[in-house]
Amino acid sequence: MPRIADGDRAALRQLYEATSAKLFGVCLRILSNRDESEDVLQEVYITIWRRADRFEAGRASVMAWISTIARNRSIDRLRARGPLAYAEPVEELEIADETPGAQILLEAAQSGEALGKCLSELDDRTETVIRTAFFEGVTYEVLAQRMDTPLGTVKSWIRRGLLKLKGCLER
Amino acid sequence: MSEGPELSEAEAFAAEHALGVLDGSERARAEHRMARDPAFAADVEAWTARLTPMLDAVRPVAPSASVWSRIERALPANDNAGGGVAFWRRAALGGFSLAAASLVAAVVIVGQRPPTPLAPQAPPPGQLLNARIDTPKGDHLFVAAYDPTRQAVLISSLVPPGAGAGHVHQLWLIPADGRPRSLGFVAPGASVTLPVSTLLAGLADDRATLAVSVEAPGGSKKDGPTGPVVAFGKLSKI
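Taken in sequence, the protein lines are chains Y and S.
Under this note's numbering, think of the first position of the first sequence as 1, with each following residue one higher.
Under this note's numbering, think of the first position of the second sequence as 172, with each following residue one higher.
Hints may be right or wrong, so weigh each one.
Listed below are several chain Y residues computed to face chain S (Cβ distance under 8 Å; list not exhaustive) [stated by the list, open to error]:
#1 Ser20
#2 Lys22
#3 Leu41
#4 Ile46
#5 Trp49
#6 Ala64
#7 Ser67
#8 Thr68
#9 Ile75
#10 Leu115
#11 Gly116
#12 Thr139
#13 Trp157
#14 Arg159
None of these hints come from the bench; they were simulated from the model.
Each residue gets a CB set at the ideal place from its N, CA and C atoms; glycine is no exception.
Assemble the whole structure, with the sequences as input and the hints as a guide.
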C-alpha cells in the first residue's frame, strides 16, 4: 500500500493480480452483470490508487479495506439504476443464496467464519433480510415492499438481528 | 457487553448506515454526522468491520483481461487532476481523518471533497494537530487530534470495549515545559471530545505530547499520572 501511495504502478499491478478476481466476485455478486461489474472494478482500482495513502495498516486488513470500496462502489451503481433494480422478490434471492455444501465448507474456512456462524444463529427470515440489505444496499422501504410487511416490522427485525449479531460476535 | 435489550438509537443508526438500509436523505444525515461526531464515526466503522466478513464468502471470478489495460489508461488522468493525488498524499501524513472519521468516512466522504490544493509552506491558522498515541513497543492504542478552533482534543480509543475493567484511561497533555496536565478520560473503544482550557490551549502546539495513563477509577489524585503511562505520541501538523 505505501508503494501504491507513492505512485508505484507496478505495485498497483501486483495488487490487481492478487485481488481482482476476489473484488470482481464482490461486484458481480452485488450487480449480477458482467459489464457493469467490470466498469465498477475499474473504478475500484482507480479509487485504491488515489486513496492508498488513506489506508492505515493495523486498523483494517488490506483485503477488508479494498473489499469495502468494491462493495460501496457496486451498491452506488446498483442504486443509480433506480427503483426498478429492486423489483426482484426476496424469495428468488433466497434461492440464489443457496450454496452447495462444498462451497459452504470452503467459506467456513475463511475469516468470515465467526460472522457466518452468528448469522446462521438468527432466524432464517432475519438472516435473509440482513444479507439482502448488505449485498444490495436496499432501503427499509424497499425491503418492506418486497416482503409485503410494514416498514416498522422490517426495521425491528433488522435492529433486533443486529443486536443479536453483536452479542454473538462478542462471545 | 451488549446484554441490553436494544442498541442505543445512535448505535442502531450507525449499524443501519453500515448495513446500507438507510434511504438517501438519512444516508446523507449519517455521513454528515460521521464528519463531525467521532464517536458516531467509530460506531459506523465498528459495524462495517463486523459486517464486512460477509464478503469473505463471495466466490472469486476472473474479470476480462481488458480491465487492467483500461485501469492503466485511466491512471495518468488522475495524476494530472489538479494536484489531487499530491494533496491527499500530504494530507495522509496526518492521518487524522482516517482514524477519527473512520475507514468508511474515508471511503464515503473524503472522496467527495474537492481536491483543493494546499500551500504546504503556509498552513492555515486553526490547523489540526494530530497524534498517534502508541505504546513504547509501537502498538497503536489511541488516535487524537487537537482542534485549535474548537479548543478541544478529539480522541478515539482503539482499546477493545470492555477491556481493563476497574481502571480508567486518563489523557494528559505534556507541553514543552514537561508538566503533564490532565485533559480527562477516554473509555475503551470510545471516541470523545475533551475541551481544553484557554490557558492550556496556548501550550498545545507541535512541541507537546499526549500521553495516556492507567489509573484507578476517578483518575490520578496528583498533578500528574499516578499509574503507569502506557502510551504517548507527539502532536504534529498535517
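Flag every earlier hint the structure violates by its number, smallest first. Violated: hint 13 alone.
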